[in-house]
Each structure stands twice: as structure tokens, then as C-alpha cells.
Amino acid sequence: MAPANKTFQVTIRNSGQTIACAADRTILQAAIAAGIDYPYACATGNCATCISKLEEGKVSLLPHGDAALGKAQLKSGLTLACRARPRSDVTINWLARAGR
Amino acid sequence: MSIRVDVAAQRARACKTFMAQVHATEAKEGITPSTLHALKLKLVALAKRSDLFPMADFAMPQAHGRSHPLLVEENDGHGLYLTISLPGKEAAPHDHGIWCANAAISGRERHVFYRRTDDGRMSGSAEIAQVGEVLVEPGNGMVMADHDIHSTVVVGDQPAVSLALYGYALARFPSVTWFHPEFASVRATPSRRHAA
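For the record, the sequence lines run as chains A and D. Each residue of the first sequence is one higher than the last, beginning at 8 in our numbering. Each residue of the second sequence is one higher than the last, beginning at 2 in our numbering.
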């Protein structure tokens, strides 16, 4: 487990921005704090609005529902920004836009 | 094998009987706070029959949460599910847009209830305040009206296994509204009301 005070660089391909994300924060939390309009709805791993392609790096995932991210999706490199906490520098690309 | 088939048949009959009771209550009195309470009590009674819901009949989640359909009606009918959620599985405050009831078979899930306190005029923004909570564990349950708001989290070190009754089947859910005090935001998932 990465120490809570460790910080990684997260590059969000869609917005072209690189932000800092502490190891105990999710990528979604860091993105919103940085003013990035990352798509999300439930923000707790249930709806998959924030489903994203993890292009580079490692994350650990908080608990989430099977319907939001299945084993096959995980294996194919998809992740949930709302559940993903960085464990290395990361490059990520969201796949959808949120309803408001 | 034959015992398992018998249990499955008994379970199917019990779910069908339960749903017939739900419709009878609804037809006679409509969906009101008191009838929702009555439906919750019937669901709690069904959940107490744990012999009908052996875990061997229901696959565990691949991740942390899974819903198994028990009786899903067509069109605008109701949906009855057995849900399994692992410790730590959570859901932010949300409004289903349709009534629902839960009753525990095993494990514990904390439901916290909220009311919206802003006037809803600012798009994408919302404020909510906590108004109560209930620990759903064997022997009890919870019920919510169409636009009540709740959050959930599985507590303890055991999976929370429960029965969930929704006014509409999950595949035909209305838009679900999610509230995020941390972000002072509100977001909605698209309605599935026009789904097949």
C-alpha cells in the first residue's frame, strides 16, 4: 500500500492537463479539485459514467459494483476514475460525457 | 441436486406470492407512506426465510456488488432482486426516482437518509442535510418513496445480502440523481425508461 502522503502525477488525455494526485485520493477527486470537468455521476463505483482507459501507470481500486466495471473490462485496461487511486504516475482517458 | 431444485422452486413460488401481495396492496391502497411500510414488512418476512436463499445458489460479485434477479416483471412492473455487496461497498447519496424497499438476509448495510435543502435553481449544484439513518441487518429493512435520498455502505466484515424491491425493474429505471456534498454538486444518470 502506498503511503497516504505520496503524490503522483496524473495526466488526463482528454483535457491535456497533468495534475498532482495524492495516493489517498481518487483521480476523480483530484481532477475536480483541479477544476477539470471530468464526467461523473455516482462517484462511488456504481454507474460507470467516469469509466476511463488507463493508458499508463498503476492504480488501486476502491470497492465498486460488477455492473460498473466487470472483470473483463478491468483486464482490458478500463478503470473507474471515481474509485482509482494512483500507485504510480498515470495517464488516463475518459470515455464518456456525464448527464447533468 | 434435487434438493437445490426444490429450493429454487420454493423460492420462485415464495417470490410470486410476495409479488401478488405487493400488487394486491397497491391496487387497494396505492403507493403511500403506510403501504410502503407494509411492503417493507412483507419483504422483511420474506428475507427471514433464509432457507430459500442459500448462498450456493447465488454467485458472489466479481468486484464488490452484484444483483441477482428473483422476479422481474415486464413493462412498467416491479423488480425483486437479491443483492450481494461486499464490505466497504458504498453508494453516495442518491434519489432513485422510484420507490424501493430493502430487507436483510445477512450482513449489515448502513442507510443514511437526507433531504435536499437548496432551491434547485443552480444547475449541477445541490445541498443536502442528513435526516436519519438505519442499519439494515437481519430482521429489519428500510423503505423509500420515489424521491427520497439515501446513501449506503456495507459495514462489518461480512457481505451484506439483502432483498431489494423496486417500483420499476433495474433495466427500466428512471434517471438516478446523485448528490455530492464534497463537490457541492448534483449529477444524474440517464433514464432507462425507454429501454427494451
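No lab work stands behind these hints, which were simulated from the structure alone. Do not rely on the hints blindly, as some may be mistaken.
[What the hints assert, rightly or not] Here are the computed lysine to any residue pairs in the SDA-like style, where the Cα-Cα straight-line distance is at most 20 Å:
#, chain 1, residue 1, chain 2, residue 2
1, A, K78, D, S68
2, A, K78, D, L87
3, A, K82, D, W100
4, A, K13, A, K82
5, A, K78, D, P88
6, A, K82, A, R94
7, D, K41, D, W100
8, A, K78, D, K49
9, A, K78, D, D7
10, A, K78, D, L42
11, A, K78, A, E62
12, A, K82, D, L72
13, A, K78, A, D96
14, D, K49, D, D7
15, A, K78, D, G89
16, A, K65, A, G42
17, A, K82, A, E62
18, A, K78, A, G42
19, A, K78, D, K29
20, D, K41, D, M61
21, D, K49, D, K29
22, A, K78, D, W100
Outcome of the hint check:
1. K78/A with S68/D: Cα-Cα ~16 Å, so holds.
2. K78/A with L87/D: holds (16 Å)
3. K82/A with W100/D: violated (36 Å)
4. K13/A with K82/A: Between K13/A and K82/A the Cα gap is close to 26 Å, so the pair fails against 20 Å, i.e. violated.
5. K78/A with P88/D: Cα-Cα ~18 Å, so holds.
6. K82/A with R94/A: holds (17 Å)
7. K41/D with W100/D: holds (11 Å)
8. K78/A with K49/D: violated (32 Å)
9. K78/A with D7/D: At roughly 32 Å apart (the allowed maximum being 20 Å), D7/D and K78/A break the hint.
10. K78/A with L42/D: Given that 20 Å is the threshold and the Cα spacing comes to 36 Å, the pair is violated.
11. K78/A with E62/A: holds (17 Å)
12. K82/A with L72/D: violated (32 Å)
13. K78/A with D96/A: violated (23 Å)
14. K49/D with D7/D: holds (18 Å)
15. K78/A with G89/D: Satisfied, since the Cα-Cα distance of roughly 18 Å is no more than 20 Å.
16. K65/A with G42/A: violated (23 Å)
17. K82/A with E62/A: holds (13 Å)
18. K78/A with G42/A: violated (31 Å)
19. K78/A with K29/D: With Cα atoms ~45 Å apart, K78/A and K29/D exceed 20 Å; violated.
20. K41/D with M61/D: Not OK: K41/D and M61/D at ~25 Å, beyond 20 Å, violated.
21. K49/D with K29/D: The given pair, whose Cα atoms are some 26 Å apart, is violated under the 20 Å limit.
22. K78/A with W100/D: violated (31 Å)
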